[in-house]
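Trainee: For reference, the chains in residue letters:
2 protein chains.
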Amino acid sequence: MALRVALKTPKGTKDWCHADIRLRDHIFATIAAVFAAHGAVPLDTPVFERSEILAGKYGQDAKLIYNLQDQGGELCSLRYDLTVPFARWLAMNNILQIKRYHIAKVYRRDQPAIAKGRLREFYQCDFDIAGSFDPMIPDAEIIKILCKVLADLDIGSFTVKLNHRKLLDGIFQICGVPDSLIRPISSALPWDAVRNEMILEKGLDPLVADKIASYVKLKGGHDLLEILERDPAITSNPSASAALKDLGLLFNYLAALSILDKISFDLSLARGLDYYTGIIYEAVTQASQDDSIGSVAAGGRYDDLVGMFANKPNTIVPCVGISIGVERVFSILKSRTPIIDQNSVQVYVMAFGGGKDWTGFIAERLSICNILWDAGIKAELLYKNKPKPRPQFEAAERGKIPLAVILGQSEYPNGQVRVKKLGLKLDSDQGDLVNIGDLVQYLLKTLTELKL
Amino acid sequence: MALRVALKTPKGTKDWCHADIRLRDHIFATIAAVFAAHGAVPLDTPVFERSEILAGKYGQDAKLIYNLQDQGGELCSLRYDLTVPFARWLAMNNILQIKRYHIAKVYRRDQPAIAKGRLREFYQCDFDIAGSFDPMIPDAEIIKILCKVLADLDIGSFTVKLNHRKLLDGIFQICGVPDSLIRPISSALPWDAVRNEMILEKGLDPLVADKIASYVKLKGGHDLLEILERDPAITSNPSASAALKDLGLLFNYLAALSILDKISFDLSLARGLDYYTGIIYEAVTQASQDDSIGSVAAGGRYDDLVGMFANKPNTIVPCVGISIGVERVFSILKSRTPIIDQNSVQVYVMAFGGGKDWTGFIAERLSICNILWDAGIKAELLYKNKPKPRPQFEAAERGKIPLAVILGQSEYPNGQVRVKKLGLKLDSDQGDLVNIGDLVQYLLKTLTELKL
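Chains as they are written, first to last, in this note's numbering: chain A, -6 to 445; chain B, -6 to 445.
To be clear, the hints were calculated from the coordinates, so they are not data collected in a lab.
The reader is advised that the hints may include incorrect statements.
[Stated by the list, open to error] No farther apart than 27 Å at their CA atoms in a straight line, the calculated lysine-lysine pairs in the DSS-like style are these: (1) B/Lys4 x A/Lys305; (2) B/Lys255 x B/Lys327; (3) B/Lys381 x A/Lys238; (4) A/Lys349 x B/Lys238; (5) B/Lys98 x A/Lys7; (6) B/Lys1 x A/Lys56; (7) B/Lys98 x A/Lys98; (8) B/Lys7 x A/Lys7; (9) B/Lys98 x A/Lys4; (10) B/Lys154 x A/Lys377; (11) B/Lys1 x A/Lys305; (12) B/Lys349 x A/Lys238; (13) A/Lys56 x A/Lys195; (14) A/Lys327 x A/Lys7; (15) B/Lys255 x A/Lys98; (16) B/Lys204 x B/Lys238; (17) A/Lys255 x B/Lys377; (18) A/Lys413 x A/Lys393; (19) B/Lys238 x A/Lys381; (20) B/Lys379 x A/Lys238; (21) B/Lys56 x B/Lys1; (22) B/Lys327 x B/Lys1; (23) A/Lys377 x B/Lys255; (24) B/Lys154 x B/Lys379; (25) B/Lys195 x B/Lys109; (26) A/Lys98 x B/Lys7; (27) B/Lys210 x B/Lys255; (28) B/Lys377 x A/Lys238; (29) B/Lys381 x A/Lys56; (30) A/Lys154 x B/Lys377; (31) A/Lys7 x B/Lys305; (32) A/Lys379 x B/Lys210.
Pulled out of the complex, with its shape left as it was, chain A reads as follows (with noise of 0.2 Å):
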């Protein structure tokens, strides 16, 4: 039986631990918060899907995908992302219109770089609109709904990268790519890399190159939007100048929603993924800069994705949404809290007695601890026969256990224990004798005094 085994999690996964899943949950809690304000519904999807659900919907990425082994029936996959798994539902259930949240792990073999939050198994939360309305409003609500989570996480100074996958389109053609290589050239990557690789190994014509780049170095705020709106190249591509459209109806939705200055108009962001079809957008913050980490959410517009899944013909169920990295906020915000462990028990219950007659009262602790329990009061005791004192107080110690409920040898006979505040320092006190009828009273009402 004792076959060694390494004792180490997958490449690229990792256990959460108490404080840290403090630190997780208090994310997705504030994050669940701005969701609901909002109006999204939760849904949860399963960890893998059919893998032809997730064909074609990732480009070069899909690469990455984690496939069950084949142990007869179904071929599966797990999840990349939950945008795709959103989209199949809504077809699935033919649902034209909502608004839902789904924080969950998702999975990517990518290469791992755990310290920067860079993982192969991570959370995502992200929050989606659904539904055919009048243009850039649900856009613009999600872009607010993005700054109104980074603002609550307080997770510093941030700025919001936004492009538009039309008006990329627009620029690639106006500069003279291929078809062919429209798709491929708008990748994540920074503009140099992508630059290298169509010029060595997809044979773009490196004067094409050079007039893409003059574009793609631009940034700004509205102010782009008018210079992009007086260039005659730009206004008279239709994917472009639709683009153009857009954003000016964005500009101003951002304005009503005091956002314009965390907003940076990039011509240089590209999302890899292949089904964004309108804007897109990335955060990045000062930490996340400073340490290389990337952008902390992400996400656009995608209004085709559901209708390829879709069993009726030309359904469209346009969709915009972002994604939150929870790995890169709890990077950011460990880094800069020290995270206190805490143990969230009340009370521990104490035997204090000795001599070769005494019982170690365990019956009696388990009994005070149960009317403690089924009072909804936290408590705990030493699983221990006849235990010291020492260990006791030790315990509750690691614990930081407010309050002592000891059982004395005399004392509990006559139906009574004593009450004692811990962390004080003062080993004069005796703490306070109660009747055990009277206890959980004495308890809840401390607790209360001491804010508990």
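Please build the complex by placing chain B on the supplied structure of chain A, with the hints as guidance.
Mentor: This is chain B only, laid out in the frame that chain A set:
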């Protein structure tokens, strides 16, 4: 792109939506509160483990493990339960003593029966106590926790079936079962099924089977323990005798915890998993028996599992735990109480107006929503540039939203909006005119009055 795929979740899995998630989260919160009241800390492990971690832990059930495809690198499998990952975590971190809880999905390639809460992907809520302690004290606390959880879930009347692995082993020895058949015979299946398999396929002597049957039909409480203590065949068997000593202590502690009436000492109870070494238990409810759902929770003592992983020789970290099956609890609670789906949004922001010069106040509505969102008030608006009143009221009604803030064509330019209570069927009520600068305060006061 319009490749048609089968729109379904993988066999034995399901999506969780809206109101179901609310009930599920209520179950999680109820269970976690009990676990925390007993001093447990939360743990979360990756959804898959290195396959060798799972190997040799599940006996005949190992065929139900989901493996990941070999895509290079480590061989991994989806977790089958939360117990083996816990033992791996204890050994990996050299933790000798802890109480931890873990609420997460586990995976079994079993025949699903979704209506009965039997799925391939399902939730378990586990609480375990690890550490070397005086005997049966943590075991008693675990059974108390189980009873408290089921009571707090308000699941109806229930019974905790109790048995001891060493008592079963002893009985099999006494009856003359060959050593090689003792593990296979300790199946979770009903005795009749095991008996037939043992006789027909494994060559067990039918007389031996009859002798076993005379024991495994026994059920009772403390009285049954007394009967067994008078059986010289039992008391002269070291394994069975050790079990009786454990059970004697346990019954004392269960009496101190006032839960003897919930216990059925049942010699037919066997748990299939290889790793149990001491007491074992399962909770069945009246509802779960009526609907053939089976047990809603199960667990036991497993003293050797951590040692199978530990790098240091002779490391022993005895453990005892309980696992609660959320889907089965969910089935029972959902069938009993209709769940009301409700939106938690508090305010619907509307525009009233008309005529060709009317803008529809879309930027203005976003701006009012923005003020409410920033004040923590949950608000929605219709994503339409020039909405008519009816679809706005209908949307608010669908979401059961209690208040409307109305931007009127003539009032808004004067810095005022109307606040109207919805759902009152008083169409004559025009609501109150409120200055925009006072709106947040007014709404917070109204929501407090309405207890929302």
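Trainee: None of the hints should be skipped; say for each whether it holds.
Mentor: Quick rundown of the hints versus the structure:
{"no.": "1", "hint": "B/Lys4 x A/Lys305", "verdict": "23 Å, holds"}
{"no.": "2", "hint": "B/Lys255 x B/Lys327", "verdict": "24 Å, holds"}
{"no.": "3", "hint": "B/Lys381 x A/Lys238", "verdict": "25 Å, holds"}
{"no.": "4", "hint": "A/Lys349 x B/Lys238", "verdict": "22 Å, holds"}
{"no.": "5", "hint": "B/Lys98 x A/Lys7", "verdict": "16 Å, holds"}
{"no.": "6", "hint": "B/Lys1 x A/Lys56", "verdict": "23 Å, holds"}
{"no.": "7", "hint": "B/Lys98 x A/Lys98", "verdict": "11 Å, holds"}
{"no.": "8", "hint": "B/Lys7 x A/Lys7", "verdict": "26 Å, holds"}
{"no.": "9", "hint": "B/Lys98 x A/Lys4", "verdict": "20 Å, holds"}
{"no.": "10", "hint": "B/Lys154 x A/Lys377", "verdict": "26 Å, holds"}
{"no.": "11", "hint": "B/Lys1 x A/Lys305", "verdict": "15 Å, holds"}
{"no.": "12", "hint": "B/Lys349 x A/Lys238", "verdict": "22 Å, holds"}
{"no.": "13", "hint": "A/Lys56 x A/Lys195", "verdict": "20 Å, holds"}
{"no.": "14", "hint": "A/Lys327 x A/Lys7", "verdict": "16 Å, holds"}
{"no.": "15", "hint": "B/Lys255 x A/Lys98", "verdict": "38 Å, violated"}
{"no.": "16", "hint": "B/Lys204 x B/Lys238", "verdict": "23 Å, holds"}
{"no.": "17", "hint": "A/Lys255 x B/Lys377", "verdict": "25 Å, holds"}
{"no.": "18", "hint": "A/Lys413 x A/Lys393", "verdict": "14 Å, holds"}
{"no.": "19", "hint": "B/Lys238 x A/Lys381", "verdict": "25 Å, holds"}
{"no.": "20", "hint": "B/Lys379 x A/Lys238", "verdict": "18 Å, holds"}
{"no.": "21", "hint": "B/Lys56 x B/Lys1", "verdict": "25 Å, holds"}
{"no.": "22", "hint": "B/Lys327 x B/Lys1", "verdict": "23 Å, holds"}
{"no.": "23", "hint": "A/Lys377 x B/Lys255", "verdict": "25 Å, holds"}
{"no.": "24", "hint": "B/Lys154 x B/Lys379", "verdict": "65 Å, violated"}
{"no.": "25", "hint": "B/Lys195 x B/Lys109", "verdict": "32 Å, violated"}
{"no.": "26", "hint": "A/Lys98 x B/Lys7", "verdict": "16 Å, holds"}
{"no.": "27", "hint": "B/Lys210 x B/Lys255", "verdict": "19 Å, holds"}
{"no.": "28", "hint": "B/Lys377 x A/Lys238", "verdict": "17 Å, holds"}
{"no.": "29", "hint": "B/Lys381 x A/Lys56", "verdict": "49 Å, violated"}
{"no.": "30", "hint": "A/Lys154 x B/Lys377", "verdict": "26 Å, holds"}
{"no.": "31", "hint": "A/Lys7 x B/Lys305", "verdict": "22 Å, holds"}
{"no.": "32", "hint": "A/Lys379 x B/Lys210", "verdict": "38 Å, violated"}
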